[in-house]
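J.: Listed below are the residues making up each chain.
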Amino acid sequence: MQTRIISTDHQYVLNHCTKYLARSNPDFRHNYNNQFSVGDARGQICEVWRFPIIDSYVDRDAQELTTNFNRVTFVYFSLNFDLPKFVGVVGTFEKLYRPIPLNEITFLGESTGYYAVSLAIPKGEVHTYKFIVDGQVILDPINPQQKILDNGQTWSQFFTHFSTEILSLQTWEVKLLERIADHILPFRTEEGQRFLDFYYNSLDRQSKDNQLLYVYRFDQSIGVVNFIDKLLSKEERHHLVDYKICLDIIDKLLRQRNSFLEPRLMSKEMYSELYDQLWSGNVPGWDYGRYNSPQYFLQLLRRHAFTGAFSHPKYGGNAGGAGWAYLAERYPFNWRQAIEVPLGTNPDYRG
Amino acid sequence: MSDFDAIVIGSGAGGAPIAYRLAKAGKSVLVLEKGPLFRPQYQTQDGLSDFKRDEIYSTGAEKRLQIPEVANNNAAYYSSHVEPDINDEPHIYRERDGRDFATIEGYTAQVVGGGTQLYGAVHLRFTPLDLKLQSFNAGRNDLREDPNGDIQRESRDWPITYEDLEPYYCQVEELVGLNGTAENQLKPFSQNFLQIPLSPNPISEFARQGMAQLGQNYSNQGQPIQPYRTPLAVITQDHAPSGRKVPQNPETIKTSYVNRYGDPLGLKSSTWVSLLSPIETLPNFQIWTNCVVTHLDCDGNRIHRIYFKDPAGREKTLEVKPGAVVIVACSAIESVRLLKLSAQENPEFDRRINQNDLLGKYFLTHCFGGAETIVVGNPPQYPPRQFDKSISLDSDWAIDYASSEAFIRDNGLWAGAAIYNNTSDQALPIALGRTHGSQDLDTIWKTFDSGFWGSITGQNNPRALHGQGMVDFFNENFGTRLSVSFMANQVPLKTNRIELHPSVKDKWNRPVAYIIKEWHSHDVYLMNVIAKQCEEILRLGGANPDPNQIEEGGIYLAENALARIANHILGGARFGNDRADSVLDIHCRAWDFDNLYVTDGSFMPTAGGANPTHTIEANAFRIADHLLERL
Numbered sequence: 001m002q003t004r005i006i007s008t009d010h011q012y013v014l015n016h017c018t019k020y021l022a023r024s025n026p027d028f029r030h031n032y033n034n035q036f037s038v039g040d041a042r043g044q045i046c047e048v049w050r051f052p053i054i055d056s057y058v059d060r061d062a063q064e065l066t067t068n069f070n071r072v073t074f075v076y077f078s079l080n081f082d083l084p085k086f087v088g089v090v091g092t093f094e095k096l097y098r099p100i101p102l103n104e105i106t107f108l109g110e111s112t113g114y115y116a117v118s119l120a121i122p123k124g125e126v127h128t129y130k131f132i133v134d135g136q137v138i139l140d141p142i143n144p145q146q147k148i149l150d151n152g153q154t155w156s157q158f159f160t161h162f163s164t165e166i167l168s169l170q171t172w173e174v175k176l177l178e179r180i181a182d183h184i185l186p187f188r189t190e191e192g193q194r195f196l197d198f199y200y201n202s203l204d205r206q207s208k209d210n211q212l213l214y215v216y217r218f219d220q221s222i223g224v225v226n227f228i229d230k231l232l233s234k235e236e237r238h239h240l241v242d243y244k245i246c247l248d249i250i251d252k253l254l255r256q257r258n259s260f261l262e263p264r265l266m267s268k269e270m271y272s273e274l275y276d277q278l279w280s281g282n283v284p285g286w287d288y289g290r291y292n293s294p295q296y297f298l299q300l301l302r303r304h305a306f307t308g309a310f311s312h313p314k315y316g317g318n319a320g321g322a323g324w325a326y327l328a329e330r331y332p333f334n335w336r337q338a339i340e341v342p343l344g345t346n347p348d349y350r351g
Numbered sequence: 001m002s003d004f005d006a007i008v009i010g011s012g013a014g015g016a017p018i019a020y021r022l023a024k025a026g027k028s029v030l031v032l033e034k035g036p037l038f039r040p041q042y043q044t045q046d047g048l049s050d051f052k053r054d055e056i057y058s059t060g061a062e063k064r065l066q067i068p069e070v071a072n073n074n075a076a077y078y079s080s081h082v083e084p085d086i087n088d089e090p091h092i093y094r095e096r097d098g099r100d101f102a103t104i105e106g107y108t109a110q111v112v113g114g115g116t117q118l119y120g121a122v123h124l125r126f127t128p129l130d131l132k133l134q135s136f137n138a139g140r141n142d143l144r145e146d147p148n149g150d151i152q153r154e155s156r157d158w159p160i161t162y163e164d165l166e167p168y169y170c171q172v173e174e175l176v177g178l179n180g181t182a183e184n185q186l187k188p189f190s191q192n193f194l195q196i197p198l199s200p201n202p203i204s205e206f207a208r209q210g211m212a213q214l215g216q217n218y219s220n221q222g223q224p225i226q227p228y229r230t231p232l233a234v235i236t237q238d239h240a241p242s243g244r245k246v247p248q249n250p251e252t253i254k255t256s257y258v259n260r261y262g263d264p265l266g267l268k269s270s271t272w273v274s275l276l277s278p279i280e281t282l283p284n285f286q287i288w289t290n291c292v293v294t295h296l297d298c299d300g301n302r303i304h305r306i307y308f309k310d311p312a313g314r315e316k317t318l319e320v321k322p323g324a325v326v327i328v329a330c331s332a333i334e335s336v337r338l339l340k341l342s343a344q345e346n347p348e349f350d351r352r353i354n355q356n357d358l359l360g361k362y363f364l365t366h367c368f369g370g371a372e373t374i375v376v377g378n379p380p381q382y383p384p385r386q387f388d389k390s391i392s393l394d395s396d397w398a399i400d401y402a403s404s405e406a407f408i409r410d411n412g413l414w415a416g417a418a419i420y421n422n423t424s425d426q427a428l429p430i431a432l433g434r435t436h437g438s439q440d441l442d443t444i445w446k447t448f449d450s451g452f453w454g455s456i457t458g459q460n461n462p463r464a465l466h467g468q469g470m471v472d473f474f475n476e477n478f479g480t481r482l483s484v485s486f487m488a489n490q491v492p493l494k495t496n497r498i499e500l501h502p503s504v505k506d507k508w509n510r511p512v513a514y515i516i517k518e519w520h521s522h523d524v525y526l527m528n529v530i531a532k533q534c535e536e537i538l539r540l541g542g543a544n545p546d547p548n549q550i551e552e553g554g555i556y557l558a559e560n561a562l563a564r565i566a567n568h569i570l571g572g573a574r575f576g577n578d579r580a581d582s583v584l585d586i587h588c589r590a591w592d593f594d595n596l597y598v599t600d601g602s603f604m605p606t607a608g609g610a611n612p613t614h615t616i617e618a619n620a621f622r623i624a625d626h627l628l629e630r631l
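Each protein sequence line maps, in turn, to chains A and B. Reminder that position 329 of the first sequence reads as 329 in our numbering, one-by-one numbering, no gaps. Reminder that position 592 of the second sequence reads as 592 in our numbering, one-by-one numbering, no gaps.
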């Protein structure tokens with residue numbers, strides 16, 4: 001395996017760095033929900049989740065071979081302008097952890113303190129990596145995604161588009177969340193279920209290969225829980241704590257209500273009742289000391305589930321475009337016309 | 001010492017036309033732009049653009065305000081990938097109760113092309129009357145809701161007339177690339193460069209019919225006033241001046257990823273694709289992106305040095321050579337702020353820019369609003385009619401009868417309004433959810449959060465929020481909603497102003513802009529009158545026969561009516577012929593400077609009865625002619 005290195009365009013790197021990283025105000029204005037520990041410089045930086053930069057990728061000379069890849073750009077920024085001599089990245093995307101050097105990014109011929117390299121990495125993958133800066137092996141000081149390996153070591157982590165590996169939630173949390181999310185979206189109405197079965201089963205083999213390559217699991221609501229897991233790992237990391245606390249409370253109170261069944265196996269009526277209680281804010285058995293607004297959690301979950309069902313499938317939900325196709329079956333909505341091939345049919349837009 | 005003849009700060013509607021004209025004439029031009037350069041597909045090596053047809057791009061993940069000084073601290077906000085981050089670069093608005101709120105105006109974009117990347121691209125000329133509201137209103141005794149005579153005291157004629165501006169409107173139409181129709185507009189066209197519009201979305205037919213009926217009551221040169229196809233800055237045919245080509249099937253140009261999206265295909269005529277990229281390879285043109293100008297410095301009446309931060313945030317200076325000019329075009333609020341920050345650094349600059357007390361005063365937005373309804377079934381007891389609104393551009397039809405003198409006088413108004421329908425709003429599912437019931441970007445997701453059903457019926461029906469309730473929501477709202485909007489002049493008031501905030505700082509530790517603004521009683525009256533017209537258009541056009549089912553109103557009704565809804569930011573450095581009464585002279589040059597020009601919307605003494613981009617670009621071309629005479 002040899003990771004493909006894509007030539008580094010300095011303008012591209014600056015375009016994706018300056019807004020977020022360049023600054024002189026030391027206020028911790030980006031540490032909402034106290035997601036970072038006190039003094040962690042990430043709390044001063046805007047949208048740290050954008051790093052490494054995950055983007056679409058096509059090699060025009062090898063289009064067929066490259067559509068299943070992302071452009072992943074690793075960025076190291078020397079905040080104190082103390083310029084290192086060597087910056088490299090090692091990671092699970094490259095055999096033997098061979099360090100790949102980051103290039104010094106210049107502006108008008110001068111060093112900027114940014115170092116970057118773009119690699120072509122397959123979609124649907126999760127990787128861990130570290131930077132090597134003048135011989136020192138360090139975690140990515142910007143990207144907050146980290147993973148503790150079996151040997152106890154912490155590594156920085158990222159995932160590419162269409163990734164389906166669950167990263168932030170536990171298996172039991174996923175099962176429980178699936179049941180709750182099911183009741184929000186239209187896909188578990190009888191008609192919705194018929195549509196989903198029909199949509200997935202009626203696709204020919206070719207379309208299945210093309211469109212459903214990254215479908216998570218057909219028996220869940222088109223991947224919205226996977227979408228939420230990705231969102232909580234990345235863009236809305238600050239809400240992971242809401243899910244951790246509320247799913248735990250819900251698990252406990254459902255077990256109190258029926259001690260014979262696993263919560264994920266409980267009846268639709270049980271969930272319906274819970275849903276109404278969450279909405280009213282009055283949930284018997286809720287631990288208000290740990291989380292004071294069950295209604296807020298429901299609002300959060302509803303926004304996330306709705307967004308996951310109808311956003312681009314690369315974010316992990318709306319598997320195979322099923323959310324859009326559901327709308328298109330019921331209403332005039334030619335979504336394919338605007339969207340890139342192979343998901344859509346637009347001859348010009350490339351995604 | 002730099003060798004540039006002209007340094008243009010900002011690459012949007014106010015800056016790019018000047019850079020284009022001067023560079024084409026062989027002058028050495030530098031554009032400094034705070035934002036990144038995002039190219040359309042046809043300009044990149046791999047054929048991919050940084051703009052995507054992706055609803056997460058236009059209004060991204062949740063963030064939270066962390067500015068302890070403001071009343072909305074810890075509120076959720078959502079912004080596009082090219083909007084400024086509100087924690088980093090907020091604008092602070094003072095509400096009626098004296099509390100401060102952090103926000104940013106819609107369509108503010110930190111990217112090469114500025115707001116022209118994100119806007120819906122409605123590109124209307126102002127009417128001849130819009131430029132002479134002082135003389136039009138002089139001596140009138142029929143003006144409604146103006147107890148103190150503010151209109152006659154505060155309105156100003158522009159120092160130029162429509163006839164002065166008209167050739168430049170034509171230049172914009174030719175060089176930027178617009179489609180639409182000129183016929184039936186109440187603005188004389190000496191030439192017609194508008195490209196042929198694409199077929200309208202069928203839902204817009206209700207708006208067209210309603211407009212046509214109301215237009216019967218008013219005449220233009222003896223003929224009833226008719227609707228016309230809304231001019232949009234989107235090319236529909238190959239565009240020779242910029243070298244852009246349209247797709248083989250032009251119908252595919254219509255996608256609802258237009259309003260609030262940069263265009264990956266470059267068909268939306270941003271100032272980058274239409275004006276700057278055509279001069280990109282000239283040896284006498286440079287654009288430095290991701291560079292924010294922090295202040296200007298002067299030596300006597302000449303700007304001689306520009307301070308800026310490079311893309312890594314390090315302070316740099318640029319010496320301005322003798323004879324060179326500096327053009328500030330950062331959008332109204334940020335331009336005024338830059339001038340005020342520069343005044344703080346140097347008493348000489350301060351004395352010159354504040355030769356009177358008008359800098360930042362007479363800040364303007366638009367009186368806007370409209371009406372919206374679900375298009376009823378046929379017959380009405382049937383479910384609503386549904387249309388594929390995702391196959392459309394931002395607007396199909398517009399009409400000018402509300403800009404006619406007769407309409408203005410009949411209603412006791414001081415100025416008129418453009419009326420047009422919005423076709424593409426809420427066409428995509430996430431846009432429908434997040435903007436449902438919200439008037440602006442500060443209330444995004446709020447109605448959705450507080451429950452679909454409750455927002456529609458006023459009842460709190462918890463069961464409606466999930467499963468079948470979600471189905472019902474789509475049945476009622478997806479592809480069924482039609483809106484008609486108006487855009488009108490706001491009465492200029494000296495108390496509406498841009499200042500520097502006393503304590504809140506941006507990410508560079510510089511004071512942020514502080515906006516203090518109120519609606520005049522006549523503004524409220526005007527918005528009510530014209531919103532009612534929009535309601536009538538929907539009713540007469542057959543979208544909905546029941547006025548009770550048509551929501552209508554002016555933006556002053558919104559929960560935060562003073563803040564983010566200010567999509568069009570204008571004024572604050574008005575131009576004029578009297579140095580005691582204006583910040584800029586007729587050429588948009590600051591009165592006591594030789595080489596300092598301000599060419600974004602801040603120059604406007606009145607806001608015009610239409611979306612402002614066309615006029616900002618036309619005026620910038622006009623200034624470019626003046627600059628060519630002196631350079």
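It is worth saying that the hints were derived from the structure and are not from the lab. Predicted, not measured: the structure shown is a model, and the values here were computed from it. Note that the Cβ used here is the ideal one computed from N, Cα and C, for glycine as well. Hints may be right or wrong, so weigh each one.
With a straight-line Cα cutoff of 30 Å, these simulated DSSO-like cross-link-like pairs (lysine-lysine) come out [unchecked claim]:
hint : chain 1 : residue 1 : chain 2 : residue 2
1    : A       : Lys175    : B       : Lys316
2    : B       : Lys446    : A       : Lys268
3    : B       : Lys316    : A       : Lys244
4    : A       : Lys175    : A       : Lys252
5    : B       : Lys446    : A       : Lys85
Chain A is nowhere near these chain B residues, computed Cβ spacing over 12 Å in every case [claimed, not checked]:
hint : residue
6    : Ile67
7    : Leu143
8    : Asn184
9    : Ser256
10   : Asn301
11   : Ala312
12   : Arg351
13   : Asp388
14   : Glu405
15   : Lys446
16   : His466
17   : Gly469
18   : Met470
19   : Asn475
J.: Now tell me, hint by hint, if it's right for this structure.
T.: Going down the list of hints, with the structure as the test:
no.: 1; hint: A:Lys175 / B:Lys316; in the structure: violated (55 Å)
no.: 2; hint: B:Lys446 / A:Lys268; in the structure: holds (28 Å)
no.: 3; hint: B:Lys316 / A:Lys244; in the structure: violated (47 Å)
no.: 4; hint: A:Lys175 / A:Lys252; in the structure: holds (14 Å)
no.: 5; hint: B:Lys446 / A:Lys85; in the structure: violated (50 Å)
no.: 6; hint: Ile67; in the structure: violated (7 Å)
no.: 7; hint: Leu143; in the structure: holds (46 Å)
no.: 8; hint: Asn184; in the structure: holds (30 Å)
no.: 9; hint: Ser256; in the structure: violated (8 Å)
no.: 10; hint: Asn301; in the structure: holds (30 Å)
no.: 11; hint: Ala312; in the structure: violated (4 Å)
no.: 12; hint: Arg351; in the structure: holds (28 Å)
no.: 13; hint: Asp388; in the structure: violated (4 Å)
no.: 14; hint: Glu405; in the structure: holds (42 Å)
no.: 15; hint: Lys446; in the structure: violated (10 Å)
no.: 16; hint: His466; in the structure: violated (5 Å)
no.: 17; hint: Gly469; in the structure: violated (9 Å)
no.: 18; hint: Met470; in the structure: violated (5 Å)
no.: 19; hint: Asn475; in the structure: violated (8 Å)
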